[in-house]
Amino acid sequence: MGLSGHCLCGAVKYTVDADPLLVGYDHCDDCQRQSGSTYSLVVVVPKDKMKITGTTKSFAGKGSSGNAVHRIFCPSCGSPIAHDPDAAPDIIAVKGGTLSVEDKKNLKPETEIWTVSKLPFCSEHLAKPFEYMPE
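Start counting the sequence shown at 1; every next residue gets the next number (UniProt numbering).
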């Protein structure tokens, strides 16, 4: 399949030469803050299959594992591109809203993570929710 996307201003582009490993809603507080929304649509892919072009910046916060989570974004427009957790070095979570229009239309979210932080007015429920990050 493969995926592609870009930030709002187009300065950062990426391709992924793989199908998603997981597509879901991430309700963690950090994703809510980074997205400015109630959750972040994440598309987890193998890190070695993603290629980012353009200048990015990152902010490293501490994840629930105690390890850093690097939040990659465009320094020009601020669009979040992905988050890269040190606790899971083989994967990267692409922010679904930055995918190409066609790729976004083909996404099928299959789960929710960090539902412990899910806001009470988010009523949509998917099969196989996880209260925290799946192990």
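A portion of the hints provided could be inaccurate.
[Stated by the list, open to error] Distance condition first, Cα-Cα at most 30 Å in a straight line; then the derived DSS-like pairs of lysine-lysine:
| # | residue 1 | residue 2 |
| --- | --- | --- |
| 1 | K57 | K128 |
| 2 | K13 | K108 |
| 3 | K104 | K128 |
| 4 | K104 | K51 |
| 5 | K104 | K49 |
| 6 | K57 | K108 |
| 7 | K47 | K108 |
| 8 | K128 | K105 |
| 9 | K13 | K47 |
[Said to hold, decoys possible] Derived CB-CB ranges, DEER-like:
| # | residue 1 | residue 2 | range |
| --- | --- | --- | --- |
| 10 | G78 | T38 | 28 to 38 Å |
| 11 | S123 | S76 | 34 to 44 Å |
| 12 | L119 | D17 | 16 to 26 Å |
| 13 | S76 | P120 | 19 to 29 Å |
| 14 | L8 | H70 | 28 to 38 Å |
| 15 | S58 | D90 | 13 to 23 Å |
| 16 | G36 | P120 | 28 to 38 Å |
| 17 | G97 | G61 | 17 to 27 Å |
| 18 | P134 | K49 | 29 to 39 Å |
What the hints contain is simulated information worked out from the structure, not anything from laboratory work.
Note that beta-carbon positions come from the ideal geometry of N, C-alpha and C, so glycine has one too.
Going down the list of hints, with the structure as the test:
1. K57 with K128: The given pair, whose Cα atoms are some 33 Å apart, is violated under the 30 Å limit.
2. K13 with K108: Distance ~22 Å between K13 and K108 Cα, so the pair holds.
3. K104 with K128: holds (21 Å)
4. K104 with K51: holds (18 Å)
5. K104 with K49: holds (18 Å)
6. K57 with K108: holds (29 Å)
7. K47 with K108: Satisfied, since the Cα-Cα distance of roughly 20 Å is no more than 30 Å.
8. K128 with K105: holds (22 Å)
9. K13 with K47: holds (15 Å)
10. G78 with T38: 28 to 38 Å: With a Cβ separation near 19 Å, G78 and T38 fall outside 28 to 38 Å, so the hint is violated.
11. S123 with S76: 34 to 44 Å: The hint (34 to 44 Å, Cβ to Cβ) holds, given that S123 and S76 are roughly 36 Å apart.
12. L119 with D17: 16 to 26 Å: violated (35 Å)
13. S76 with P120: 19 to 29 Å: violated (35 Å)
14. L8 with H70: 28 to 38 Å: violated (20 Å)
15. S58 with D90: 13 to 23 Å: Roughly 18 Å apart at Cβ, these two residues keep to the hinted range, so it holds.
16. G36 with P120: 28 to 38 Å: Since the Cβ atoms of G36 and P120 sit about 19 Å apart, the hinted range of 28 to 38 Å is violated.
17. G97 with G61: 17 to 27 Å: Between G97 and G61, where Cβ atoms are some 20 Å apart, the hint holds.
18. P134 with K49: 29 to 39 Å: violated (20 Å)
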